[in-house]
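Asks: Spelled out, the chains give:
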Amino acid sequence: MAKYIKTVSSVSRRRFLSNTVATGALALATPSIMRRSAYGQSPNRIVFISEESSDKAQAVYDRINADFERETGISVTMEYPGFTNIAQRVATLIAAGTPAEIVWYGAGQAMDVALQGQLADVSDLVTKHNIPDNLRMVVDGADRSVPTSQQFFYGWYRQDLYEEQGLAPYETWEDYLNVVKSLNSPPEIYGNVIPSVEQGASHLLLETMFQKNDVHWFSYDEAEGKYRVALDEGENLSRAIEAMEFLHEAHQYSPEASNYNWAELMSEYYTGNVANSYYVGARLLDQTAANNPDLAQHTMPVALPRRLTESYYLSVQGFHVHKDSNVDGAKQYVSFFLEHPAYVDWLHSVPLHIIPAQQSMLQSEAYQDNEFIQQRMDVLEFLDSIWGKGTPPYYWDGPVLNPLVGLYQNANRGGRMLAERNIRGTDSETVVRETAEWIRNRVAEEEARQQ
Amino acid sequence: MNLAFVQRWIRFLAIAVGMTFVAFPLYWMLLTALTPREQLFRPPFQLLRFDLSLENIIELLSATEFLVYLMNSMIVAAGAVVLNVIAATFAGYALSRYEFRLKHTVAQGTLLSYMFPPILLAIPLYILLSDLGLRNSYIGLILAHASISLPLNIWIMWQYFQIVPVSLEEAAWVSGASKLRGLLQVCLPSALPGMMSVAIFAFALSWNDFAFAFILQTDTSMYTLPVGLATFVERTAIHWGMIMSSSALISIPTFAMVFLLQRYLISGLGIAR
Amino acid sequence: MSIEAQNRWDKLRWVGATITPALLMLTLMAYLPIIYALTLGFYHRTAFNPDAVWTGLDNFIWIVNDPGLWHALNRSLVFTVGSVSAQLAFGLFFGLLLHQGMRGLNVMRTLVILPYLLPVVVVGLVFRWILNPEFGIVNQVLMDIGLIDLPINFFGGLDTAMLSVIVATVWQYGSFAALLIFARLQSINPKLYEAARTSGAGAWRCFMDVTLPNLRTTLLVIVLLRGIWMFNKFDLIWIITAGGPLEATETLPIYAYKLAFQDFDFGRAAAACTAMFLVLVIGSILYFRFFNPTREVEVGR
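Protein chains in written order, with numbering that gives the first Met the number 0: chain C, 0 to 450; chain X, 0 to 272; chain V, 0 to 300.
For the record, the hints were derived by calculation from the structure and aren't laboratory data. Hints may contain errors.
[Unchecked claim] Covered stretches of chain V (in silico footprint by chain X; criterion: 3 or more residues with CB under 8 Å from a CB of chain X, positions within the stretch not fixed):
{"id": "1", "region": "9 to 15"}
{"id": "2", "region": "49 to 58"}
{"id": "3", "region": "66 to 72"}
{"id": "4", "region": "149 to 161"}
{"id": "5", "region": "194 to 201"}
[Unchecked claim] Every beta carbon over 10 Å from chain C, so not counted as near; a handful from chain X, in silico:
{"id": "6", "residue": "ALA3"}
{"id": "7", "residue": "VAL16"}
{"id": "8", "residue": "TYR113"}
{"id": "9", "residue": "ALA121"}
{"id": "10", "residue": "ILE122"}
{"id": "11", "residue": "ILE126"}
{"id": "12", "residue": "LEU183"}
{"id": "13", "residue": "GLN184"}
{"id": "14", "residue": "PHE213"}
{"id": "15", "residue": "ILE214"}
{"id": "16", "residue": "HIS238"}
{"id": "17", "residue": "ALA255"}
{"id": "18", "residue": "MET256"}
{"id": "19", "residue": "LEU260"}
Note that this is a predicted model, so its numbers are computed, not measured. Note that CB positions come from ideal geometry on N, CA and C, so glycine has one too.
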């Protein structure tokens, strides 16, 4: 038996070798064979991928799409891949040569696609719909995003617990630590929650605190017209360390949170496990109202503690059109959507969380005509008061769009910094320096590649 | 206290620990599914509770297209099972009965498809199946799922047919039966446990699959359970009651199916020797 | 045609008919995509740009020089070996157990098989729920008994994460081994045991001389298949820990995934996947040489 097998193997080996050469040749040609040129999209059809997939939002899409088809004869196919997998979906469609006409998701994510030169110029739409300047995303001299909504990163707190202890909502970093310490009595309840993990919620927390302390990851070199890493230089370094130490101390009054992300920021709050939380918008309030209604009435918004600036981390979402698709149809759709009366209903699918791009819309009667919003006009007024104070990360370090932001954002490096400090216990200075080095290496690699 | 007594008690203890390990997560999942919503986030939890409520399940069924996903999953799984049983039985038979050149290469080659991490296979697969017009169709997904479990199942059937002695078939051939008949009437009955295993694995790998189903089924009405569940979980940002109830609802039909089929796993050792 | 030629032709037709459909399916669904992905490693290709630039071995050189790859490989080996051995132990335990008659066998059998039939999302979430430091029942019970004072963050602790993930995989996939072993045990001719017993063998001898040799092929196949699958396992780990905390559970598949969908560099991700592929191919070739799991066995005739 064994002898037979040996013989079989050596015969196979010879044939295998010749086969390999043939396969190899074929294989090396495969990517070009399998890459298809664009199908020449049909002018009567658009594919719309949306990150927002709640039932109410879907109902609105269905309504608007039906009206759109009636009016223009263009049919709209929706896809809801979900937040985690939307980038994969976009990449798959581009690779297949059939990119989706419209993708609605974060402008920060779309920036990765724009930097590859894949997005269409939508400057005409931006002008037509009066989009405020701080929401725009300009790559290669043109707008690539039509913002429909934004979210600020701000805090939520338990007013009932504050009143019990005679505390006032925090304003400065010292206030914050005092409040959080007073309310901290584990294991029944923790003062706050500081997620310290290489994921989105953690990363945004760090970015926000950096913004509050005027820390810049990059500096803009006007002469050369490009950005360079500045995190470990001069004032940036000392202020970054301050911010990290602040978050480290706050972490003492928090569950370990070494694997907490957005969901936990909300669930820890509405289960009464923490007295203070944060979110990139009002979805926390929405979820609290759904899961623990008694708590919702005591849930108040508050600006995250300021230090040197009052800036807010701004998250922008909008429509992004692919340049090799049915661009005309897509642009028609975007305008139709923004002008359709159901646009307000769409904003209402998660009230006060999906905030309109224009302040006029926020203050309009149509927008405010919603039961949930009427009950919580205080939140609306809060949002009104912080309007315009938000900065998206790609405009934080300079006047021109910073294309290098993705290098550290996509990997949620800020969250990793917090994890290193709070979970592993590395000291702040080392963490900041190592991070700066890491980003520098990646920038150098990018530049080398583009030669 | 004699040896037999101790042995029996150790055995009993071992079984108890083992079954607890296996059954407890299932039990807890079921219990959480039936726990009223307000109780869910107020630890400590009772290990046994009687204030059960169907609200999570009702909410799940009304808020999502759960039943549609369930139907899609079942159709695709059934197709994958049928394809697998047929293809694996024939291929396994050939491997066990015939010697031919490259036989071992073929056998080892089938395993090749498992050796590449599926992460990057999503895109070429999408392109291929898109070109063949198999997106958002049952057939496309059935083919994809069948191919996941096929190599494994070929190996299983190959192993099974090794047990069935050729002499039995020879007896059948001598009495005038054709080769095919010999296969169907003699080999299959004793390979039945193997075929049941094949069916279970084909079902499991199809039922469980997220990667292929996500790539190929982009229309929400064609979603299978894992895809529907994943997008649903994302949306509700961890509503444990609903998640556990959807898990429980997925488990119950599979539990029933396995319970009914498992006696076929016991070999009918009616092979006359 | 001579009888011999006729027989050969017959045989070829049979072999062709039986093997071809399977091969066709596999070629379409598996081999072609694999070839595509393998060649992708030789190009510079970002996720959102359909153009690919030939870069030869650059991607491979980069990943070989990246310490992250080697750490991930290390973790992959730890995970694979740990998980597969635990699954084998689980499988042997339950396979043997279910083979013996006892009350409630049907229910037990079904329960053991059930975890394998649950979607990965379900298993991941159930385990996250059960082992949650604040709301998990396991921590609650452990604290009630008095074994621990503070809850253990199983999936979030630098030391406990890998072990906890292994336990989750054993829970789900152990039944694979159990099922195969059980089904194989069922097919062992009881006369072999009778023969052994009449020649005076006790339980242990029966196990060693009859059961184990007959199980040999099955066990080898289980180790091979589970080894390949656990080495490539992505979804369960991703759902539970996403490679965290601080890469404690970042195995090679997760490393490759991050290259593809965080850095959006498909070329490098393909290179990493190719590396994994080569490890497995070489590993299985060696495995076949040493153990030869395809040697056909019926021991005891």
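Asks: Work down the list of hints and note, for each, if the structure agrees.
Replies: Hints and how they fare:
1. 9 to 15: holds (count 4)
2. 49 to 58: violated (count 0)
3. 66 to 72: Coverage by chain X is violated here, the residue count being 0 at a Cβ distance below 8 Å.
4. 149 to 161: It is violated: at least three residues are needed, and the region 149 to 161 of chain V offers just 0 whose Cβ sits closer than 8 Å to chain X.
5. 194 to 201: violated (count 0)
6. ALA3: holds (42 Å)
7. VAL16: holds (28 Å)
8. TYR113: holds (19 Å)
9. ALA121: violated (6 Å)
10. ILE122: violated (5 Å)
11. ILE126: violated (5 Å)
12. LEU183: holds (29 Å)
13. GLN184: holds (30 Å)
14. PHE213: violated (7 Å)
15. ILE214: violated (7 Å)
16. HIS238: Violated, because the least Cβ-Cβ distance between HIS238 (chain X) and chain C comes to about 7 Å, which does not exceed 10 Å.
17. ALA255: ALA255 (chain X) clear of chain C: closest Cβ-Cβ about 30 Å, beyond 10 Å.
18. MET256: holds (29 Å)
19. LEU260: holds (34 Å)
Checked against the numbered hints above, the structure violates hints 2, 3, 4, 5, 9, 10, 11, 14, 15 and 16; every other hint is satisfied.
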